[in-house]
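Undergrad: Taken in order, these protein sequences are the chains called L and Y. Residue numbering for the first sequence follows my numbering, beginning at 1 and increasing consecutively. Residue numbering for the second sequence follows my numbering, beginning at 1 and increasing consecutively.
Simulated from the structure, these hints should not be mistaken for laboratory data. Take these hints with a grain of salt, some might be off.
According to the in silico footprint, chain Y covers these stretches of chain L (three or more CB under 8 Å from chain Y) [claimed, not checked]:
#1 127 to 138
#2 148 to 161
#3 342 to 348
Quick caveat, the model's predicted, so the values are computed rather than measured. The beta-carbon is built from N, C-alpha and C at its ideal position, and this holds for glycine as well.
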Amino acid sequence: MTFVVPIGPQHPALKEPEFFRFEVRGEEIVDVDIHLGYAHRGIEEAFSRRNYKHNIYLSERICGICNVVHSTTYCQAVEQLAGVEPPERAKYIRAIIMELERIHSHLLWLGIAAHQIGFNTLFMLAWRDREYVMDLREMISGGRVHSATNTIGGVRRDVKIEHVPTFLRGLEKLEQSTNYYINLFKSDRTILARCTNLGVLSKEDAIKFCTVGPTARASGLKTDIRRDDPYGAYDALSFDVAIERDGDVWAKGMVRLREILESIQIVRQALKEMPGGPIRIRVGLQIPPNETIERTEAPRGELLYYIRSNGTEIPERVRVRTPTYGNFASMKSMFVGGTIAEIPIVIWGIDPCFACNDRVTLVDSRTGKTRIASFDELRRWRK
Amino acid sequence: MPRILSQVLKNLLRKPATVKYPYVRVKPPKGYRGAPVIDKEKCIRCWLCIRACPDRAISVNKETKKPSIWHGRCTFCGECAEVCPTRAITMTEDFELATYDIQRARSE
């Protein structure tokens with residue numbers, strides 16, 4: 001005898017609307033359905049109604065937390081279509097801002113994860129330290145969240161020499177606090193009790209469901225677009241890919257914390273090795289007909305842009321595949337066999353970002369009964 | 001237990017991490033992209049800002065024939081300030097733009 005527990009669209013784990021339909025036997029979860037589409041904003045259609053330059057700001061608005069990586073991927077794709085190469089200095093500035101974004105995204109993840117397991121002190125501490133990196137971002141780009149730094153053919157703002165000491169001081173503080181969190185993650189009883197052996201994703205399943213980013217790396221898959229398919233300045237920068245083998249929520253957190261340390265190293269290295277020269281080149285917006293694919297490593301995993309141009313100032317089609325979408329298929333194998341109490345932290349374990357994901361609908365159903373129900377719901381949505 | 005005590009003492013002596021916002025104001029850093037303002041004297045009516053604006057926040061006042069920016073729609077990207085040939089548009093450090101009056105949500 002199984003019961004159905006609907007969670008969402010407004011639910012306790014996240015501040016974003018999403019519908020999860022859990023089938024439970026007692027406390028145990030036996031099946032899960034995920035319905036997406038509550039935050040659909042029609043962004044891909046809007047892309048093909050604006051010119052290439054206006055679309056930079058639209059692509060930044062797909063996701064607030066990872067806005068720089070969205071606009072960088074978009075700009076790199078358009079640069080490929082136009083057949084231009086941005087100056088070296090612009091590539092380094094992009095890398096610096098993207099790594100700062102990774103640091104702030106992972107600290108945000110740590111804070112919310114601590115909040116999900118009822119450890120609000122750690123939530124406050126993590127978000128306090130996140131302010132250091134937000135201040136650095138504000139200093140370098142002029143905006144706390146939306147950097148608006150990228151443009152087609154380079155970046156709009158240079159890193160000034162007087163910023164560097166402030167940068168190094170901020171990174172020092174961040175490194176100290178990240179080391180403290182890593183120790184805490186290894187030793188604190190609350191974290192160990194609430195995070196280990198929860199939502200385990202085995203390496204085989206991680207390969208089978210094509211997971212990306214920290215979720216895959218926590219299961220022992222050594223995959224990182226920065227290393228596998230270097231873009232921008234990343235082939236000149238050296239860094240390690242952090243992996244863990246356990247595949248549970250603890251491993252996902254540990255991968256993210258170790259990535260913060262790597263990102264701090266990358267920013268230091270980029271500041272040191274940054275070449276001089278111009279930061280942007282002029283690119284004409286009349287882009288010849290062609291199509292391209294560009295992928296980058298967002299804080300949550302692989303981000304893919306497909307753009308088709310048709311000779312005008314407006315792209316014909318822009319398709320975005322966000323990392324959260326790549327990780328959704330693996331959710332079922334994380335949940336099945338677990339208990340209801342672990343739902344929030346396991347959902348948050350993949351660092352889902354529904355707003356950047358909602359341009360598709362995914363229905364994952366096993367029994368015939370659920371399939372009919374979900375089709376009915378689908379039909380109602382289409383009206 | 002000793003670990004906790006040292007942390008407690010440290011936190012007692014530490015300054016708060018937050019500021020009491022309406023009374024204490026943190027000045028934004030140099031180069032912050034706040035509300036854009038237009039210097040009407042410098043404007044030469046080339047309308048490049050209207051073309052550059054990604055969210056069509058700039059419109060032309062029919063009587064004075066000068067542009068004005070609707071802050072309710074502006075995303076503070078700074079493209080208009082960058083494209084302006086006479087530097088008539090500048091990004092200020094003003095970020096407190098909430099208002100009940102729609103006329104005040106528009107740059108003069």
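Undergrad: The structure should be examined with respect to each hint, and the outcome stated for every one.
TA: These are the hints, each one checked on the structure:
{"no.": "1", "hint": "127 to 138", "result": "holds (count 4)"}
{"no.": "2", "hint": "148 to 161", "result": "holds (count 3)"}
{"no.": "3", "hint": "342 to 348", "result": "violated (count 0)"}
In summary, the one numbered hint that this structure violates is 3.
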